[in-house]
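Let's have the full structure, built from the sequences with the hints guiding it.
There are 2 protein chains.
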Amino acid sequence: MNYGVALFPSKPLQDLANSYRMRYDPHYTLIPPHVTLKEPFELEEQELPSVVKRVREIAKGVDPFPLEVYKVDTFYPVSNTLFFKIREHSALTELYEQLHTSPFKRNEKYSFVPHLTIGQNLSYDELSDNLGRLKMKQIQHEEIVDRIQLLYQLDNGSWTVYETFKLGKEE
Amino acid sequence: MNYGVALFPSKPLQDLANSYRMRYDPHYTLIPPHVTLKEPFELEEQELPSVVKRVREIAKGVDPFPLEVYKVDTFYPVSNTLFFKIREHSALTELYEQLHTSPFKRNEKYSFVPHLTIGQNLSYDELSDNLGRLKMKQIQHEEIVDRIQLLYQLDNGSWTVYETFKLGKEE
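Protein sequences appear in the order of chains A and B.
Each residue of the first sequence is one higher than the one before, counting from 24 in my numbering.
Each residue of the second sequence is one higher than the one before, counting from 24 in my numbering.
Keep in mind the hints are simulated off the structure, nothing from the lab.
Honestly, I wouldn't trust all of these hints.
The list cannot tell twin chains apart, which means a pair is met if one copy fits it or any two copies do.
What the hints assert, rightly or not - In the DSSO-like style, the derived pairs of lysine-lysine whose C-alpha atoms are separated by at most 27 Å in a straight line are:
1) 158 to 189
2) 192 to 83
3) 192 to 160
4) 128 to 34
5) 94 to 160
6) 160 to 189
7) 189 to 76
8) 192 to 76
This is the structure in structure tokens:
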């Protein structure tokens with residue numbers, strides 16, 4: 024079964040992201056707008072409890088932090104993806120690092136670029152037609168993130184939340 | 024903002040439900056297959072913490088329980104909805120009752136019929152064409168439910184999980 028770890032921003036930021044995803048992201052209906060903290064990884068059912076425990080520890084070890092979105096950018100030419108760029112923050116980096124440290128596999132393929140995807144699998148023409156205009160857009164939003172989520176993937180490609188983990192120590 | 028409380032069954036039951044929802048449920052892409060415990064209700068942001076606290080208490084007060092699905096049925100003529108009928112269970116009824124007891128509003132409109140929707144807003148012809156065949160289907164599935172979820176609705180009608188609540192006392 025495929026699992027992943029993500030954070031869902033607030034409704035206003037999700038609504039804003041969806042206004043783009045609707046047109047540019049074929050995953051629009053598969054999962055709400057999110058910041059991926061750990062790409063899909065395979066897990067046997069018997070491994071789940073120890074992974075849940077580890078994600079809970081990681082979440083407890085990182086305090087709630089400000090998430091700041093400040094522009095539209097692309098991974099082109101690596102991929103034809105459009106995203107809201109997220110300001111680097113030590114807490115966000117720490118979450119990502121911990122989720123890619125033993126017992127989890129490292130991500131050898133990419134280094135962490137905090138982002139919220141608003142378009143993907145675009146043709147070169149779609150990307151270049153829109154990129155200039157979108158890069159000019161004034162995007163400025165800041166909010167506090169206080170939770171992350173572990174999700175699993177259904178056969179139709181959509182994602183269901185398995186568990187929420189609050190950041191920082193329990194009240 | 025609209026909130027709701029639901030339980031998501033296991034992946035196998037969700038995949039089975041989606042094989043029907045794909046054809047019969049226009050909400051297919053808005054939310055994964057679920058059992059509604061509390062229909063959408065409006066909440067101001069400042070009311071959220073006390074509601075979260077109350078849902079957490081309710082979840083703690085009910086132990087994990089078996090969820091049994093045993094046939095396809097319909098709410099016709101009240102509504103043209105198709106669903107997997109869920110065997111009544113005191114724990115499930117208790118969750119529903121608590122979520123409709125002060126500070127929450129009672130549901131004056133319907134009494135609780137535990138179900139997992141697989142089709143809705145069907146025309147009379149669609150419903151009657153398929154109902155006989157679906158009612159004959161051998162549906163038999165049982166699993167343990169150990170968590171419920173509080174969700175909120177985005178502007179596009181889709182739902183994001185806000186928080187997971189484990190049933191019973193914390194380990």
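Outcome of the hint check:
{"no.": "1", "hint": "158 to 189", "result": "neither (33 Å within a copy, 43 Å between copies)"}
{"no.": "2", "hint": "192 to 83", "result": "both (5 Å within a copy, 20 Å between copies)"}
{"no.": "3", "hint": "192 to 160", "result": "neither (38 Å within a copy, 49 Å between copies)"}
{"no.": "4", "hint": "128 to 34", "result": "between (31 Å within a copy, 24 Å between copies)"}
{"no.": "5", "hint": "94 to 160", "result": "within (7 Å within a copy, 52 Å between copies)"}
{"no.": "6", "hint": "160 to 189", "result": "neither (32 Å within a copy, 42 Å between copies)"}
{"no.": "7", "hint": "189 to 76", "result": "both (13 Å within a copy, 14 Å between copies)"}
{"no.": "8", "hint": "192 to 76", "result": "both (15 Å within a copy, 17 Å between copies)"}
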